[in-house]
Amino acid sequence: MLQVFDFPFQAMGSPCSVQFYADSAARAEDVFRSVQTRIEALEQRYSRYRDDSLLSEINRRAGTGVKTGLDAETFALLQYADQCYLESQQLFDVTSGVLRRLWGPRQTQLPAKQDVAALLPLIGWQKVQWSEDAIYLPQTGMELDFGGIVKEYAADVAAGICHQHGIRHGIIELGGDISVIGPLPDGQGWPVAIRDPRQPDKVVAQFRLAAGAVASSGDYERFLLIDGVRYSHLLNPKTGWPVAGLRAVSIVAQHCVVAGSVATIAMLKAKNGLAWLHGSGLPFLCCQSNGRLIDRLQH
Amino acid sequence: MKTKKMTNAVKRLQCAALLLPGLSQTAVAGRVEETYNADFQYGHYSESNQRMEVDIFQGALSAPIGSAMTASVNLVRDMVSGASPVYNFKDANGQVRQFISGASPTSSCGKSICEQRDAISSGLTYFFDSASVNVGGGFSREHDYTSRYFNTNLSFDFNKKLTTVNFGASAAFDEIAPSPSTWNSRDSAFKAHKTSQQYLLGVTQIINKESLLQSNITFGYHSGFLSDPYKWVAFYDGNAFSDFQQDKRPEERFEWAWLNQYVRHFGQFNDAALHLDYRFSTNDWGINAHTFEASWHQPIIDDWQIIPRFRYYSQDKADFYQAVFSGQSEAYSSYSSDYRLAGFGAISAGLKLSKEVKSIGYAESLKFQTGVEYYDHSSNYQLGGNGSNNFSNFSYYLVTASFNLKF
Amino acid sequence: MKTSIAAIILLAVLSTGCSEVLPRQRGNLALPQMGLTTDGLEFELRQHAFFSKESAAGGYGGGGGGCGCN
Chain A
2 MLQVFDFPFQ AMGSPCSVQF YADSAARAED VFRSVQTRIE ALEQRYSRYR DDSLLSEINR
62 RAGTGVKTGL DAETFALLQY ADQCYLESQQ LFDVTSGVLR RLWGPRQTQL PAKQDVAALL
122 PLIGWQKVQW SEDAIYLPQT GMELDFGGIV KEYAADVAAG ICHQHGIRHG IIELGGDISV
182 IGPLPDGQGW PVAIRDPRQP DKVVAQFRLA AGAVASSGDY ERFLLIDGVR YSHLLNPKTG
242 WPVAGLRAVS IVAQHCVVAG SVATIAMLKA KNGLAWLHGS GLPFLCCQSN GRLIDRLQH
Chain B
5 MKTKKMTNAV KRLQCAALLL PGLSQTAVAG RVEETYNADF QYGHYSESNQ RMEVDIFQGA
65 LSAPIGSAMT ASVNLVRDMV SGASPVYNFK DANGQVRQFI SGASPTSSCG KSICEQRDAI
125 SSGLTYFFDS ASVNVGGGFS REHDYTSRYF NTNLSFDFNK KLTTVNFGAS AAFDEIAPSP
185 STWNSRDSAF KAHKTSQQYL LGVTQIINKE SLLQSNITFG YHSGFLSDPY KWVAFYDGNA
245 FSDFQQDKRP EERFEWAWLN QYVRHFGQFN DAALHLDYRF STNDWGINAH TFEASWHQPI
305 IDDWQIIPRF RYYSQDKADF YQAVFSGQSE AYSSYSSDYR LAGFGAISAG LKLSKEVKSI
365 GYAESLKFQT GVEYYDHSSN YQLGGNGSNN FSNFSYYLVT ASFNLKF
Chain C
19 MKTSIAAIIL LAVLSTGCSE VLPRQRGNLA LPQMGLTTDG LEFELRQHAF FSKESAAGGY
79 GGGGGGCGCN
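Protein chains in written order, with this note's numbering: chain A, 2 to 300; chain B, 5 to 411; chain C, 19 to 88.
One chain only, chain A, in its complex shape:
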C-alpha cells in the first residue's frame, strides 16, 4: 500500500524537499537518508564555501605549480562544463567566479572599471590545464566555481538514487531546481508552479510534469540593488559586468543539469537569449527585461 512521504531539508544554501511514494515509513526514511548523504557528499566536494572541499583545494593550488588529482565524477563534471563553454560561445565559464569579489551580495556601489579589468586576466576556461587525471589553474587568484552545475546535478543524482531504491513515484526539489523520479501513481504529472521573478507570491505558470526536470535562472535569486537598479548575479566573463537582457528563464528538459545550463546560458546571452531558447526546441518560460512573459511550456 503506497503512501506519500515528504521530507523537507536544507542543502546547498537553499530550502529543499523530496516527496515520494513508498510502501513503508521505514523504507522512506532509508531512501531519504541515502539521498541526504549523497547530496551532502556532493556539497562537501564541490562547494566553494567549504575550505575542505575538492574545489577549494584546486583553487588554493592556483599558480603554485601543484596539480590536483581528479576522480571520474569530477572529470565528468569538467567535461560537462567544457561542453557548456563551447555551446554558449564562451559565456558559460566556470572560472568567472572571481568576479564575485567585486559583485558580491553586500556591495553598495558599482565597482571601478579598472578593478573589473584587473580581474579579467584571471578568467578563461581555455587557460585551465586539465585532463582525465588532474587539473591545474595556472595563475594565482584563478578560481573554479561549479555554481551553475552542481545543484542541478545533485537533483538528478538524488532522483537516480530514489529510482535505484525502487521508488517509482516522486519528485525532488533543490531550491527551485526540480527533478522528477516518476509520475504520481495514477500516471499524472506532479504539479509544478513557476513564480513571477519580481513578485514571489504570484504564480505565472502552472503545469504537470510526469518525467524530466525543471530548472530556472534569473535575477530574482541573488541580485544587487545599487542606486535603485537591479544587477543580476550572473556575470559576463568577457566584460566582467552583470548580464542584462532577460529577467528569468525556466526550462524543462530530460535532466536537471541540462535544464539548468540551458537556462543559465540563455540568461548569459542576454538580448540573444530568447532566440537561443526558441532554437533549443525545449519547452521554456521566459520573462524579458520589460516584464513580458513568453510561455512555450506546452511545446
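Because the hints were derived from the structure by calculation, they are not lab data.
Take every hint as true, because none was put in to throw you off.
Each computed DSS-like pair below joins lysine-lysine, with the alpha-carbon atoms no more than 25 Å apart:
no.: 1; chain 1: B; residue 1: K94; chain 2: C; residue 2: K71
no.: 2; chain 1: B; residue 1: K252; chain 2: C; residue 2: K71
no.: 3; chain 1: B; residue 1: K198; chain 2: C; residue 2: K71
no.: 4; chain 1: A; residue 1: K272; chain 2: B; residue 2: K362
no.: 5; chain 1: B; residue 1: K371; chain 2: B; residue 2: K356
no.: 6; chain 1: B; residue 1: K15; chain 2: B; residue 2: K213
no.: 7; chain 1: B; residue 1: K356; chain 2: C; residue 2: K71
no.: 8; chain 1: B; residue 1: K371; chain 2: B; residue 2: K359
no.: 9; chain 1: B; residue 1: K410; chain 2: B; residue 2: K15
Chain A is already provided as a structure; the job is to place chains B and C on it using the hints.
Chains B and C alone, transformed into the frame defined by chain A:
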C-alpha cells in the same frame, strides 16, 4: 513533455550530461536514433547505344520503438527496358563482335527486355549500452526471378567506444524460372535454385578526433544455378561456327573480399570530409578485382554541400570465360562469354549536390539531394590487361534525385 | 600470402597511432559528412548498378537478395 526537435547544441549537452555518473541509470541506451526518417529516391540509368534504360523508385522508413529499438522498412521498384548482349560471334573479318538482343515488337515495352522488379526488406535493431543486434529480411520479385533473404548483424563497442567490432551473416534463397523466349530454349516448367551465404567480420576504429577507419573481411559461398539463363556461347573451328550452347557456369562459387574505408575531416576547408575506399576481392572462378573510390564532401554555405566523386574498378577474367571458344562444348566443363566475367576496367566520375533545410514545420530537417554519375567500361582500363575485349565496351550514366525527412 | 600480409598491415594500423579521443572531442566525427554511408538509398542503388555490371562482390555486408540482373 515532448522533445521532438532539439538543436545540436542541446543534444551535445545531453550527451555530455549522460557521461555524469549517477545520471546514466535512468538514461536511454547507447545509440538509439530518436527521430523518424522517411526517404524517397528516383534514379534513371541509361546505357550507351540505347542498350538498357532503368527507372528506379526507392522508399525507406525508419522509426524508433520504445527506448532501445529501431525498425525500418525499405521498398524498391526497378523498371527495366532495353537490350543486352546475348553472345559473341566472329564477323566476316574474323573480329569478335557482340550480338545484342534486338527489338521485340510484341513485348510490353517494344524492346527485348521489359522487366519490373519489386523488392521489400525490413530490419529491427536492438541497442544495448555497448552493443547492438540487428535482424532483417526481404523479398525481391521479377517475373522470372524470386529471392528471399535474411540477415543478422552483431556490433560490440570497446575501448571507450573508440572501437566497434561487427559480425554479420546473411543468406539468400533464389528461384530462377526463366521464360521461354528466342534466347532461352528451356521449357516453361524449368525452375532452378541458387543459395547464397555471406559472412562478415569487421572493425570500425576511431583513429583520432578527425578520422576513422573501417575494415571488413567478407566470405561468400554460392551454390546452385549460377549461370545466366538468357546468354549463349559460340564455339568456332577456325572461322566457322562449330557449336552453340547456353551459358554454363560451375555450380559453386567461393569468394572473399577485404574492404577498407577511411574518412577524414578537414576543419580548414569548412568542415569538408574526404572518403577513401579500397576493396580487393577474389573468388574461385579466378576473378580478382580491385575497387578504388574517392569522394570529397564539401559544405558550401547555408547547409549546401557539393560532393565530387571518382571510382576506378579493374577485374581479371573468369577461368572459364572466353570471348568465343574453339572446338566443341563437350571439351569444356564450364563456359561463358558474359562480358561481366571478362577482364576489363571501369572508370566513373560523378557530382552530387545536397541541401538541408533545418526546422521546417514539425520536422527536424528536410534534405534534398541530386547527383549524376558517368561510368565507362573498357577493356583498356584493366590493370595489366591487354585490351582484347574492347568489342564489349559500353558506358552508362546514372542520375538520382532524393529527399530525406527527419521528424 | 596476400591475405596474411594484409592482415598484419591492418593490425599495425590499429595498434599504433590511435590517440585518445575523449567523448567531448567526437564533435567532428559526428558531422553528417563524416558518416561511412552518407546517403543510404543512393549507396544501395549505386552498389546494385555495380553489382549488375561487375563480378566483384562483398566487403560492405548488408546481405541483400539476388536479382536476375542483366
